[in-house]
Structures are given as C-alpha cells and as structure tokens.
Amino acid sequence: MTLTDPTFRLEDVPMAADRTAGWRAFIDHGDVFQATDGTWFLTSTEAVQFGHRHPEIFSSAGAFAALSSPVPLIPIGIDRPDHIRYRRVLDPMLAPRVVNGMEDGLREQVRELVARFAGTGRCDAVADLARLYPTQVFLTLFGLPLEDRDRFIHWSETIIEGTAARSTAEPGPEVIEAGAELFGYLQGHIETKRSQPSDDMLGRVLALAGDESWTDDEVLGLCFMLTLAGLDTVTASIGFILMHLARNPDVRRALVADPALVGPAIEELLRLELPAPMTPRLTTEDVEVCGQLIPAGSTVMICLATANRDGDVFDHPDDIDLGQSDRGHFTFGGGIHRCLGSHLARRELRLVVEEFHRLIPDYEIEAGFEPTVVWPSGTLHLTSLPLVFPSARGIQS
Amino acid sequence: MKVVIDTKRCSGHGRCYMHAPELFVDDEAGFGQVIGDGEFGEEQLEAANRAVRGCPERAISIENE
Chain A
1 MTLTDPTFRL EDVPMAADRT AGWRAFIDHG DVFQATDGTW FLTSTEAVQF
51 GHRHPEIFSS AGAFAALSSP VPLIPIGIDR PDHIRYRRVL DPMLAPRVVN
101 GMEDGLREQV RELVARFAGT GRCDAVADLA RLYPTQVFLT LFGLPLEDRD
151 RFIHWSETII EGTAARSTAE PGPEVIEAGA ELFGYLQGHI ETKRSQPSDD
201 MLGRVLALAG DESWTDDEVL GLCFMLTLAG LDTVTASIGF ILMHLARNPD
251 VRRALVADPA LVGPAIEELL RLELPAPMTP RLTTEDVEVC GQLIPAGSTV
301 MICLATANRD GDVFDHPDDI DLGQSDRGHF TFGGGIHRCL GSHLARRELR
351 LVVEEFHRLI PDYEIEAGFE PTVVWPSGTL HLTSLPLVFP SARGIQS
Chain B
398 MKVVIDTKRC SGHGRCYMHA PELFVDDEAG FGQVIGDGEF GEEQLEAANR
448 AVRGCPERAI SIENE
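Chains A and B, in that order, are what the protein sequence lines are.
All residue numbers for the first sequence refer to this note's numbering, where the first residue is 1 and numbers rise by one.
All residue numbers for the second sequence refer to this note's numbering, where the first residue is 398 and numbers rise by one.
If you are wondering where the hints come from, they were derived from the structure by calculation, not from laboratory data.
Each residue gets a CB set at the ideal place from its N, CA and C atoms; glycine is no exception.
Don't take every hint at face value.
Dumping the calculated EDC-like pairs for lysine to aspartate or glutamate here, alpha-carbon to alpha-carbon at most 20 Å [said to hold, decoys possible]:
no., chain 1, residue 1, chain 2, residue 2
1, B, K405, A, D216
2, B, K399, B, E440
3, B, K405, A, E46
4, B, K399, B, E425
5, B, K405, A, E103
6, B, K405, B, E443
7, B, K405, B, D434
8, B, K405, B, E440
9, B, K399, B, D434
10, B, K405, A, E170
Across the chosen pairs, the derived CB separations fall in these ranges [said to hold, decoys possible]:
no., chain 1, residue 1, chain 2, residue 2, range
11, A, S377, B, K405, 30 to 38 Å
12, A, S69, B, E460, 27 to 35 Å
13, B, P418, A, G291, 35 to 43 Å
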C-alpha cells in the first residue's frame with residue numbers, strides 16, 4: 001500500500017448552503033480517504049457498515065477520550081463489555097412502547113409552543129420552536145422541572161458550541177462555567193431523587209439495585225451524554241425538516257392532505273439532512289477498508305451522511321422521494337452504538353410536523369433569507385429559520 | 398418462505414416492525430422480532446421485502462424452502 005498524499009481539506013467543501021453539494025464532494029473523493037488534518041473518512045455504505053460491524057477495531061472509548069469529559073460518557077464513549085451492560089438497562093427505557101406512553105403529553109407541549117406564534121403570521125422556527133421543544137421533552141423524560149428549560153438550553157448550547165468545533169484547544173471559561181453549573185444542577189436532582197423515588201427515566205436509573213446499581217458519576221455521565229446528544233440534534237432536525245417543507249410546497253401539501261405521509265417524509269429528510277453526520281472512532285489496530293490501509297491509532301470519521309446518499313444502493317439518492325421512504329438509512333448510526341434516543345427523536349419530529357401543520361399548513365421562508373449551516377463542524381444545524389404564513393385565527397395561547 | 402433476523406447484526410433501529418407489522422413485533426427493548434416461527438405465505442413477500450430494504454444493518458433475510 002502506497003502512502004496517501006492527502007489533498008482533501010474540509011474547509012474547501014461547499015457545505016454551508018447545500019448539503020447535496022457538500023456530501024457529493026466527500027463521495028467524489030473516494031470510499032475511504034484521509035484529509036489534510038490526518039483524519040480518515042469512511043464514506044460508502046460498504047465502508048460505513050464495516051466500521052459499524054467492527055467496534056473492537058473502531059473504538060468509541062478512544063475517540064471520545066479526546067473530549068476529556070470529567071464523567072464517563074455513557075453509553076456513547078464506552079466500549080464492550082461495559083457497553084452491553086449499560087444498553088441492556090437503557091434500551092428498554094427509550095423503547096417505542098415507552099414513547100407511546102409519553103405521546104399525548106408531548107403532543108400537548110408542542111401544540112402550546114406552536115399556538116404562541118400561530119396567530120402572529122411569522123416565527124423563527126429555530127428560536128421559537130426547535131430550540132425549546134427537545135429540551136422540554138428531555139426534562140419531561142427525566143422528571144425535571146419544565147421551568148428550568150431556558151437555563152438548561154443555555155448550559156447545553158454553551159457546552160456544545162464550545163466543543164463542536166474540531167479543535168484540540170482547551171475549553172474556554174464560559175464552557176467550564178456552564179459545565180459546572182449543569183453538573184451542579186444534575187447532582188442536586190440526583191440526590192433528591194435518590195431519597196424520593198420517581199417514575200421517570202432518572203428515577204428508574206437511580207432505582208437500580210445491587211449489582212445493577214449505578215454510581216453518581218455514571219448517572220451524571222448518562223445525563224451529560226443525553227444532554228449533548230439529544231437536544232441539539234433534534235433541534236437541528238426540526239429546523240432542517242421545516243426548511244425543506246417550506247421550500248417544497250408540493251411535498252408539504254401532500255402531508256397536510258394526508259398526515260400518514262408525515263412519517264415517510266421525515267424519514268427521507270432525516271436521510272438527507274443529518275444533525276450529526278459523522279461519528280468519530282479511534283482505530284485499535286491496522287485495518288484495511290475498501291482497499292485502503294488505515295494505521296492503528298488513527299482518528300476515523302464514520303460518515304453516515306454519505307452512506308445515506310450512496311448511488312450504488314439508492315436510486316436518485318439526493319432527491320426526496322416519498323415513494324422510497326422505506327430505504328434504510330444511517331442517520332441514527334449503526335452497530336452497537338445505534339442512537340439510543342432514535343425512537344423518541346422520530347416521535348418528537350412527527351409531533352412537531354403534525355402540530356405545526358394543524359395550525360400553520362402554509363408557510364414560506366422569509367424573503368431574502370438564506371438558511372445556512374456553520375462549516376466545518378462535527379454537528380450541523382440552522383441557527384435561524386424565519387418563516388412567514390397567514391395568521392391562524394382563533395388561537396388561544 | 399421463512400423470514401429471519403440476524404440478531405448479531407440487529408441493533409434495534411426498529412424499522413422492520415414499522416414497515417412490516419404483519420411480520421415483526423417490537424420487544425420490550427425496541428428490537429424487532431419475527432412473529433411466530435417466521436414461516437409466512439408468499440403473499441407476504443412484498444412486506445418481507447420492505448423490511449429487508451428498510452433495515453440499515455442488512456440484518457433481515459428471506460429464505461425460500
């Protein structure tokens with residue numbers, strides 16, 4: 001195997017305004033390649049599958065150690081065998097049948113949020129809805145007070161913004177302060193719930209007894225991890241989905257006319273617009289993938305976004321096709337680290353679209369506004385999405 | 398035909414029981430399980446193919462006797 005001569009620079013990729021152009025640039029560079037900063041990328045379905053199926057070679061613990069988290073990042077930053085133990089407990093807590101039991105309450109929450117701006121003729125779908133709702137859902141799931149929503153958002157956004165930029169720099173003082181406040185807040189609730197059992201996810205983790213019981217550090221690590229993984233991602237997806245529905249009135253009208261198409265449309269938009277388009281791993285040994293030798297100790301990005309657009313697997317892979325919404329995609333990752341919250345996330349997105357369309361069936365992006373994402377970044381989201389629409393009448397907020 | 402889930406590959410995406418509820422159910426952790434012994438008539442072939450196509454892990458296969 002000859003040495004590669006990396007020429008691929010992330011900052012050259014035209015991602016900000018158009019992910020189709022951005023991910024095409026990755027795909028065109030090859031199934032497996034190295035960028036100028038030394039990072040390897042697995043882009044094809046075959047390469048991504050290989051990474052997912054060999055977690056012992058593509059280590060998550062190694063990759064997430066770079067974040068220097070003060071608590072264990074459960075479960076994403078844990079390798080086997082401990083990972084199995086954690087997921088065995090956590091998967092049932094976020095299974096579809098649990099989400100079913102939460103649906104009515106979660107629908108009511110998004111209905112209230114939409115009603116606040118439905119009568120005004122305009123909203124910023126990111127600021128007024130997408131940033132708020134996932135945090136409310138998280139607080140509900142964990143049995144924490146909804147009044148804490150805004151400071152919770154401040155902490156999580158400060159931490160994510162301070163760590164999403166791909167850099168080895170130490171976190172700034174504002175990140176450290178937000179982290180300390182978040183930890184202090186969670187620690188207080190952990191202590192309260194240890195003494196007063198509650199019927200919510202945090203309460204159920206704390207109720208584990210004997211060999212199954214978790215230390216405070218483990219519980220804190222889980223809360224911290226789900227804060228980082230479960231809020232910003234759903235926020236981003238809500239923004240992307242409403243952006244595409246605003247831009248594609250034919251698709252939107254089809255959904256309004258037949259709400260059974262909401263789920264299929266969400267699957268296609270999830271496939272094309274990924275909030276967390278790449279997941280990092282660290283190789284534990286030399287490994288050959290699609291003919292390329294990746295040395296031990298390499299940082300590897302499993303590129304889910306490009307596998308979702310693999311022309312060898314999908315017809316017209318860059319188009320929204322409601323007739324092919326059953327094509328399996330990797331937006332929630334794959335293998336042992338498949339997104340723990342995928343069932344809840346899908347439900348949140350469906351409830352948002354259903355309730356938004358119930359009051360606001362017709363909307364468009366404010367004239368002159370061009371939605372963009374910050375790039376390069378490990379996570380993608382719109383920072384704003386101003387929408388205008390005919391005011392809904394008779395709305396009570 | 399017989400429908401089979403490779404449990405080593407299945408990671409709980411939950412697409413099979415979404416796309417083909419006549420062939421699969423969810424277990425308490427959200428992982429798909431084949432209904433009964435997995436033996437179905439040919440009239441279920443289209444549903445089985447939906448599940449095969451929808452599984453990101455390529456964990457589902459159809460075996461013909």
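- Item | Index of numbered hints that the structure contradicts, given in increasing order | Of the numbered hints given earlier, those the structure breaks are 1, 4, 5, 6, 8, 10 and 12, listed in rising order.
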